[in-house]
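Protein sequence lines, in the order shown, are assigned to chains X and W.
The first sequence begins at 1 in the numbering used here and counts up one residue at a time.
The second sequence begins at 1 in the numbering used here and counts up one residue at a time.
Where hints are given, some of them may not hold.
[Said to hold, decoys possible] Examples of chain W residues toward chain X, derived with CB under 10 Å: (1) 108; (2) 112; (3) 113; (4) 115; (5) 123; (6) 126; (7) 127; (8) 131; (9) 150; (10) 152; (11) 155; (12) 156.
[Said to hold, decoys possible] Residues from chain W that keep clear of chain X, each with C-beta distances beyond 12 Å, as calculated: (13) 31; (14) 157; (15) 454; (16) 554.
No wet-lab data here; the hints were simulated from the structure.
Bear in mind that the values here come from a model prediction, so they are computed numbers and not experimental data.
All C-beta atoms, glycine included, are put in the ideal place defined by N, C-alpha and C.
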Amino acid sequence: MTEHNQLPLNADDNLSEGDSQLFRLRLFVIGASPNSIRAITNLKNICEEHIKANYELEIIDVYQQPLIAEAEQIVALPLLIKKSPGTERKLIGDMSNTAKVLKGLGIYSES
Amino acid sequence: MTKLHKKQQLTTFDQLPKTPTGITGLDEITGGGLPKGRPTLICGEAGCGKTLMSLEFVIRGATEFNEPGVFMAFEEKADELAANVASLGFDLFKLQENKKLRLDHVHIDRSEIEETGEYDLEGLFIRLGYAIDSIGAKRVVLDTLENLFSGLSNQVILRAELRRLFNFLKDKGVTAVITGEKGEGASLTRQGLEEYVSDCVILLDHRVINQISTRRLRVVKYRGSQHGTNEYPFLIDEEGISVLPVTSLKLEKEVSSKRISSGIPSLDSMFGGKGFFQGSSILVSGTAGTGKTSIAASFANEVCRNKKKCLYFAFEESPKQILRNMQSINIDLQKHVDSGLLEFHASRPTLYGLEMHLVAIYKIIKRFKPSTVILDPITNLITVGSVSEVKSMLIRLIDFLQDEQITVMFTALSLNTVVNEQTDEGVSSLVDAWLLVRDIESNGERNRGLYIMKSRGMSHSNQVREFTITDNGLNLVDVYLGPEGVLTGSAREAQKLKEKTGVALRDFAVSRKDKEILRKRMMLESKIASLQAEFESAEEELNKMYLEDELKQEIIEKNRQEITNIRRGNVDAPKSKAKTKK
Chain X
1 MTEHNQLPLN ADDNLSEGDS QLFRLRLFVI GASPNSIRAI TNLKNICEEH
51 IKANYELEII DVYQQPLIAE AEQIVALPLL IKKSPGTERK LIGDMSNTAK
101 VLKGLGIYSE S
Chain W
1 MTKLHKKQQL TTFDQLPKTP TGITGLDEIT GGGLPKGRPT LICGEAGCGK
51 TLMSLEFVIR GATEFNEPGV FMAFEEKADE LAANVASLGF DLFKLQENKK
101 LRLDHVHIDR SEIEETGEYD LEGLFIRLGY AIDSIGAKRV VLDTLENLFS
151 GLSNQVILRA ELRRLFNFLK DKGVTAVITG EKGEGASLTR QGLEEYVSDC
201 VILLDHRVIN QISTRRLRVV KYRGSQHGTN EYPFLIDEEG ISVLPVTSLK
251 LEKEVSSKRI SSGIPSLDSM FGGKGFFQGS SILVSGTAGT GKTSIAASFA
301 NEVCRNKKKC LYFAFEESPK QILRNMQSIN IDLQKHVDSG LLEFHASRPT
351 LYGLEMHLVA IYKIIKRFKP STVILDPITN LITVGSVSEV KSMLIRLIDF
401 LQDEQITVMF TALSLNTVVN EQTDEGVSSL VDAWLLVRDI ESNGERNRGL
451 YIMKSRGMSH SNQVREFTIT DNGLNLVDVY LGPEGVLTGS AREAQKLKEK
501 TGVALRDFAV SRKDKEILRK RMMLESKIAS LQAEFESAEE ELNKMYLEDE
551 LKQEIIEKNR QEITNIRRGN VDAPKSKAKT KK
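Excised from the complex, chain X in its bound form (with noise of 0.2 Å):
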C-alpha cells in the first residue's frame, strides 16, 4: 500500500549522521495555492536566514503523488517534515509564524 520510492534522502542516512546540523526538510505542498506558495516563500526565508546551507529542502506536490498523502499521513497542507536532525517534527501552516517554526525546527532554542 505505501511505497518509500519517495525518500531520495534514505542515501544520505550515514551522512547525516555524522553532521548532526544538517536539516533534512520536506515540504508537501498542493499545486500553486495561496497557502503553498507562502509557505515555501516563508520557509525558504527561514532556512535561509537560520540554517543557511546546511539544509535539504525537498518539495512535494501531493496532487501529483496523491499516494504520498496516505504513507505520510497528511491531513493538512502546507506540511513540513523535519527528518533530522533529532525526532522527525511535522509542522503544518504556511510557516507565517517564524518563532513556531523554528521552534518546530528545534533552531528556535540554539540561536
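With chain X fixed as given, assemble chain W onto it according to the hints.
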C-alpha cells in the same frame, strides 16, 4: 433480504434515491436506506455502536450490494478494526484484497504537529479522493471527524474545511456516513456542525435503566424522505446490528380460521366447542397459584399430541421443575421433549435486556419453527423494563408470530386482584383471546374461577366456570348458581349434597303418600263391595217378596177357580161367573 431492499428501493425511487444499508431493520425505518450520494451523520456517545454501524454499512455494501466502500478511520487502526469485526464474520483484509474495501487510518497527534499559520485539509481530500477513485467506491465512512478537532487547533479553518468536505463528498457522488460524538447538552455533535450539513442524522443511544442496558436508535432528520421517528431498540450480536422496528408498520397479516384445542375439553366448549384460532395470541392471566402454568402446559401437551412443535419459554421455573410439577396433574411433557416436539428455554428475565430476550426468542423460533409458542410468564419481564417497554416488545413479538402463523400463549401474573384493572403489561388489548383465572374466596376457602374476558371472532361462554386441578388433569366445572348465589368448591359440593338429601326425602314422602292412597282405595273398594253386597241382599229380599206375592196371587186365583169350578160344575161358566163377581 436483498429482494426486499430492491422492492423498497423501487417504491421509493420517485421520492429520493436511497442506498440500502443492509443492516437488519434499519432500511425499514428509513424507508429504503440512507440518502444516496449524500452525507449521513451517525452520532452518539462513546460505545453506542457508531463505528460498528458505519463499518457494517460499508461491509454490507461491498458484500451484498456490490458497492465498494472506503472506510477512513481517525480512531482505530486498520488491523484493530479488522479484529473487531472478525468476530462478526467479516474479513476486512479479504475485502481489501478484492478491491471492495479500502481502509485508511488517519493519524493525527497534536503533540507531533506544530501549527505555523494558515493551512487547509487538502491532504485529507486528496487521500479520500484517491481512495474513492482507486476502487470506484460508492460508500464512504469517516469515523470520527471529532479527532480532527482534537488534533488541530484552528477551529475556524476546521469548520470551513468540514463544510468543504461535505460538499466534496456530494460532488464525488458517494453515500457518506460520518460518525460524530454526542456533544454537551442537547446538541447532537461536539461541533454542532455536522448535523446541519448532513442530509440524514441518526442518533444512537445507550441507556442503562435498572442495571440493564438497551441500545436505541432514532432517525433525527432525513431530508426529503419520510422516516420512522420513534426510538427503535437495536442490538449488536454475532451477526452485526439488528434494529427492531416497534411494529411491522402494517397490519396486513394472513389469518387462519382453523381452530386448535386448548387441551382442556371443557375449556374448548367455552370457545364454541372448538378452541382457539390457529395463529392467534392467547393471554392467560391470574393471581398467584391459580394454575396459569398448568393451563399452558396442558396446551403444550395438546399441541405435541397432535404432532406439532411447541416452544416453551420459561422465565420463572426451570424445565425440570415444570416437567415434575406437570407430572402431578397427569401431564407427561417428558415424552414430548424426548420426541423433539417440545423444547424448553428457560432464562431469568434479568439475564439480559428485553431486546436481547426478543432477539433470542426470534432466533430460537426461526430455528425451531414451532406451531405454538408459550411464554410463561411475561410478568417477570417487567423486572427488566417498564410496562411500556414490555408492551412494545410484546407487540413486536406478537406481530412477528402472527406473520409466521404461530399461536402464542402468554401467561401473566396479575398482582392486582381487581380484574377490571387490565394491567397485564398492557397486552390485553393486543391478544385475541384472554382467559382470566381468579380466586374466588368464600366460606373460608379459596377456589379458582375461570372465565373468558374476550375472544375475538368467535362466540364464547360468558359463564364463570370453576377451574379444578385434579390428579387427572385440568377440568372446568359449572359453578353452582343457587338461591344463595354462586357457589364454588366445597360449598358447591355441600349444596349438591343438600339437594341430594332433599330429593331422597321427597322421594320418601311421595312413596308414603302413594301407599296411603293405595290403602284408601283398597278401603273404599272394600266398602263399595260390602255395600254392593248389602244392596244385592236387599234386592234379593225385594225380589223374594215380589215373587212370593205373585205366587200367592196365583195360588189364590187358582184356588178360587177351583172353588168356582167345584160350585158350578161346568168348565165354561167360571169365566163369566168370575166376571160377574168382579
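Supplied contact hint for residue 152 of chain W, tested at 10 Å Cβ to chain X: holds, 6 Å
Consistency of the no-contact label for residue 157 of chain W, given chain X and a CB cut of 12 Å: violated, 8 Å
Hint status (Cβ of residue 108 of chain W to nearest Cβ of chain X, threshold 10 Å): holds, 6 Å
Hinted contact residue 126 of chain W with chain X - closest CB pair below 10 Å: Holds, about 5 Å.
Proposed interface contact between residue 156 of chain W and chain X, which counts if any beta carbon pair is under 10 Å: violated, 13 Å
Supplied contact hint for residue 123 of chain W, tested at 10 Å Cβ to chain X: Holds. Min distance 4 Å.
Hint check, residue 115 of chain W versus chain X [nearest Cβ-Cβ separation less than 10 Å]: holds, 5 Å
Least C-beta distance between residue 31 of chain W and chain X, which was stated to exceed 12 Å: holds, 36 Å
Interface hint status, residue 112 of chain W versus chain X (Cβ within 10 Å): Result: holds, 5 Å to nearest chain X Cβ.
Hint validity - residue 155 of chain W Cβ closer than 10 Å to any chain X Cβ: violated, 13 Å
Whether residue 554 of chain W stays farther than 12 Å from all C-beta atoms of chain X, as the label says: Non-interface label stands for residue 554 of chain W: nearest chain X Cβ at 169 Å, farther than 12 Å.
Residue 113 of chain W as chain X interface residue, shortest Cβ-Cβ below 10 Å: holds, 5 Å
In this structure, the hints that do not hold are numbers 9, 11, 12 and 14, in rising order.
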